[in-house]
Amino acid sequence: KAGVTQTPRYLIKTRGQQVTLSCSPISGHRSVSWYQQTPGQGLQFLFEYFSETQRNKGNFPGRFSGRQFSNSRSEMNVSTLELGDSALYLCASSLDSANTEAFFGQGTRLTVV
Amino acid sequence: GEDVEQSLFLSVREGDSSVINCTYTDSSSTYLYWYKQEPGAGLQLLTYIFSNMDMKQDQRLTVLLNKKDKHLSLRIADTQTGDSAIYFCAETRPGSARQLTFGSGTQLTVLP
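Residue numbers (our numbering), protein chains in the order written: chain F, 1 to 113; chain U, 1 to 112.
Don't read these hints as lab results, they were simulated from the structure.
Glycine included, every Cβ here is placed at the ideal spot set by N, Cα and C.
Each hint should be verified, as a subset may be incorrect.
To be verified - Sample of chain F residues with no beta-carbon within 12 angstroms of chain U, all distances over it, derived:
1. 3
2. 12
3. 13
4. 14
5. 17
6. 18
7. 19
8. 28
9. 37
10. 52
11. 62
12. 64
13. 67
14. 71
15. 86
16. 112
Said to hold, decoys possible - As a list, the in silico SDA-like pairs of lysine to any residue whose alpha-carbon atoms are at most 25 angstroms apart:
17. F:57 / U:93
18. U:36 / F:41
19. U:67 / U:10
20. U:67 / F:44
21. U:70 / F:101
22. U:67 / F:101
23. U:36 / F:16
24. F:57 / U:27
25. F:57 / U:10
26. F:57 / F:16
27. U:36 / F:111
28. U:36 / F:40
29. U:36 / F:96
30. F:57 / U:50
31. U:36 / F:37
32. U:56 / U:82
33. F:13 / U:67
34. U:70 / U:111
35. U:56 / F:101
36. U:36 / F:10
37. U:56 / U:86
38. U:70 / F:42
39. F:57 / F:9
40. U:36 / F:13
My request is simple: use the sequences and hints to build the entire structure.
Structure representation (structure tokens):
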């Protein structure tokens, strides 16, 4: 069974640009959550999607958005990139919204220059 | 203070036991987790415990939960060099089962 797949693995963008990251959950999993990991702030929750609906949102500005498709794949978008958005973005997959186990992908390393 | 706190570093000798500690502030925490992160990798779920349990054992891993003191620990028996990594504890709360709140992580170094 394939694990959580995040693409791309690495990305370099310029300030002011926008970026889209992709996450394919484990087959059969319907819940996808996104996290940002930085040396200064650690791991912070961005949002969770289940059945194409955003269920929960962390404390991030509106520049951070996401969506989920009918096949459970999810994308997150960051607009008007800032240097501080440089981070490892991690996606977690769960069977459903109440399931206790969350499995993480390898992450997308975003560098904003 | 922080919701979930961990000490930053721990060094042990190969073959010894490692104990990584974590404290949390929210008494309504439902599940508590331990994740492992190796360099350049994502998070690997090691184990988790429901808040009404005191202990959970899974092969070399033992999780102890003291709910009164809001203290969680992870014991790794017979620590190996491959156990060197950053270990994160995390919690979830009622109504937000998929929103994990993480500690800052403990860097475990296993010395030969």
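Tested hints:
A beta-carbon of chain U comes within 12 angstroms of the beta-carbon of residue 3 (chain F); the shortest separation is about 9 angstroms. Every C-beta of chain U lies more than 12 angstroms from that of residue 12 (chain F), the closest at about 16 angstroms, which supports listing it as non-interface. Every beta carbon of chain U lies more than 12 angstroms from that of residue 13 (chain F), the smallest distance being close to 20 angstroms; the non-interface claim holds. Residue placement check: residue 14 (chain F) keeps its beta carbon more than 12 angstroms from all beta carbons of chain U (closest about 24 angstroms).
Every CB of chain U is more than 12 angstroms from the CB of residue 17 (chain F) (nearest about 24 angstroms), matching its label as outside the interface. Its beta-carbon lying about 24 angstroms from the closest one in chain U, residue 18 (chain F) satisfies the requirement of being farther than 12 angstroms from that chain. In this structure residue 19 (chain F) is separated from chain U by more than 12 angstroms, as the shortest Cβ-Cβ distance comes to about 19 angstroms. At roughly 16 angstroms from the closest C-beta of chain U, the C-beta of residue 28 (chain F) stays outside 12 angstroms, upholding its exclusion from the interface.
With a least beta-carbon separation of about 9 angstroms from chain U, residue 37 (chain F) fails to lie farther than 12 angstroms from that chain, contradicting its non-interface assignment. The beta carbon of residue 52 (chain F) is kept farther than 12 angstroms from every beta carbon of chain U, the shortest such distance being approximately 15 angstroms. Remark: the non-interface label on residue 62 (chain F) is consistent with the geometry, its nearest Cβ contact in chain U lying 19 angstroms away (cut-off 12 angstroms). Distance check for residue 64 (chain F) against chain U: the nearest CB is about 15 angstroms away, which clears 12 angstroms, and the non-interface claim stands.
With 12 angstroms as the threshold on Cβ separation, the claim that residue 67 (chain F) sits away from chain U holds: the shortest Cβ distance comes to roughly 16 angstroms. Every beta carbon of chain U lies more than 12 angstroms from that of residue 71 (chain F), the smallest distance being close to 19 angstroms; the non-interface claim holds. Non-interface status of residue 86 (chain F) relative to chain U is upheld: no Cβ of that chain comes within 12 angstroms, the nearest being about 16 angstroms off. Chain U leaves residue 112 (chain F) outside its interface by the beta-carbon criterion, the shortest separation being 19 angstroms against a cut-off of 12 angstroms.
For the suggested pair residue 57 (chain F) and residue 93 (chain U), the alpha carbons sit about 14 angstroms apart, so the restraint of at most 25 angstroms is met. For the suggested pair residue 36 (chain U) and residue 41 (chain F), the alpha carbons sit about 18 angstroms apart, so the restraint of at most 25 angstroms is met. About 24 angstroms separates the Cα atoms of residue 67 (chain U) and residue 10 (chain U), which keeps this hinted pair within 25 angstroms; it holds. Distance restraint check for residue 67 (chain U) and residue 44 (chain F): the Cα-Cα separation of roughly 24 angstroms lies within the 25 angstroms cut-off, and the hinted pair is therefore satisfied.
Of the pairs offered as hints, the one joining residue 70 (chain U) and residue 101 (chain F) holds, with about 21 angstroms between alpha carbons and a cut-off of 25 angstroms not exceeded. Distance hint between residue 67 (chain U) and residue 101 (chain F) is fulfilled; the C-alpha atoms sit about 21 angstroms from each other, no more than 25 angstroms. As the CA atoms of residue 36 (chain U) and residue 16 (chain F) are separated by approximately 34 angstroms, the hinted pair breaks the 25 angstroms bound. In summary, the hint linking residue 57 (chain F) to residue 27 (chain U) is supported, as the alpha carbons are separated by about 22 angstroms, within the 25 angstroms threshold.
Under the criterion of a C-alpha separation no larger than 25 angstroms, the hint pairing residue 57 (chain F) with residue 10 (chain U) is inconsistent with the structure, at around 33 angstroms. At roughly 23 angstroms between alpha-carbon atoms, residue 57 (chain F) and residue 16 (chain F) fall within 25 angstroms of each other, so this suggested pair holds. Under the criterion of a C-alpha separation no larger than 25 angstroms, the hint pairing residue 36 (chain U) with residue 111 (chain F) is consistent with the structure, at around 23 angstroms. Distance restraint check for residue 36 (chain U) and residue 40 (chain F): the Cα-Cα separation of roughly 19 angstroms lies within the 25 angstroms cut-off, and the hinted pair is therefore satisfied.
For the hint pairing residue 36 (chain U) with residue 96 (chain F), the CA-to-CA distance comes to about 22 angstroms; that is within 25 angstroms, so the pair holds. Between residue 57 (chain F) and residue 50 (chain U) the alpha-carbon distance is near 24 angstroms, which keeps this suggested pair within the 25 angstroms criterion. Proximity of residue 36 (chain U) to residue 37 (chain F) is assessed by CA-CA distance (about 14 angstroms); at most 25 angstroms being required, the pair is judged to hold. Between residue 56 (chain U) and residue 82 (chain U) the CA atoms are separated by roughly 22 angstroms; this keeps the pair inside 25 angstroms, and the hint holds.
A hinted pair counts as satisfied when its Cα atoms are at most 25 angstroms apart, and residue 13 (chain F) with residue 67 (chain U) does not qualify at roughly 45 angstroms. This hinted pair does not check out: residue 70 (chain U) and residue 111 (chain U) have alpha carbons roughly 30 angstroms apart, beyond 25 angstroms. Restraint check: the Cα-Cα separation between residue 56 (chain U) and residue 101 (chain F) comes to about 15 angstroms, which is no more than 25 angstroms; the hinted pair holds. Annotation: proposed proximity of residue 36 (chain U) to residue 10 (chain F) holds, straight-line Cα distance about 21 angstroms (limit 25 angstroms).
Annotation: proposed proximity of residue 56 (chain U) to residue 86 (chain U) holds, straight-line Cα distance about 21 angstroms (limit 25 angstroms). At most 25 angstroms may separate the alpha-carbon atoms for a hinted pair to count; residue 70 (chain U) and residue 42 (chain F) meet this at roughly 21 angstroms. Distance check on the hinted pair: residue 57 (chain F) and residue 9 (chain F) sit about 24 angstroms apart at the alpha-carbon level, within 25 angstroms; holds. Straight-line distance between C-alpha atoms of residue 36 (chain U) and residue 13 (chain F) comes to about 29 angstroms, which puts the hinted pair past the 25 angstroms bound.
Consistency note: the structure conflicts with the earlier hints numbered 1, 9, 23, 25, 33, 34 and 40.
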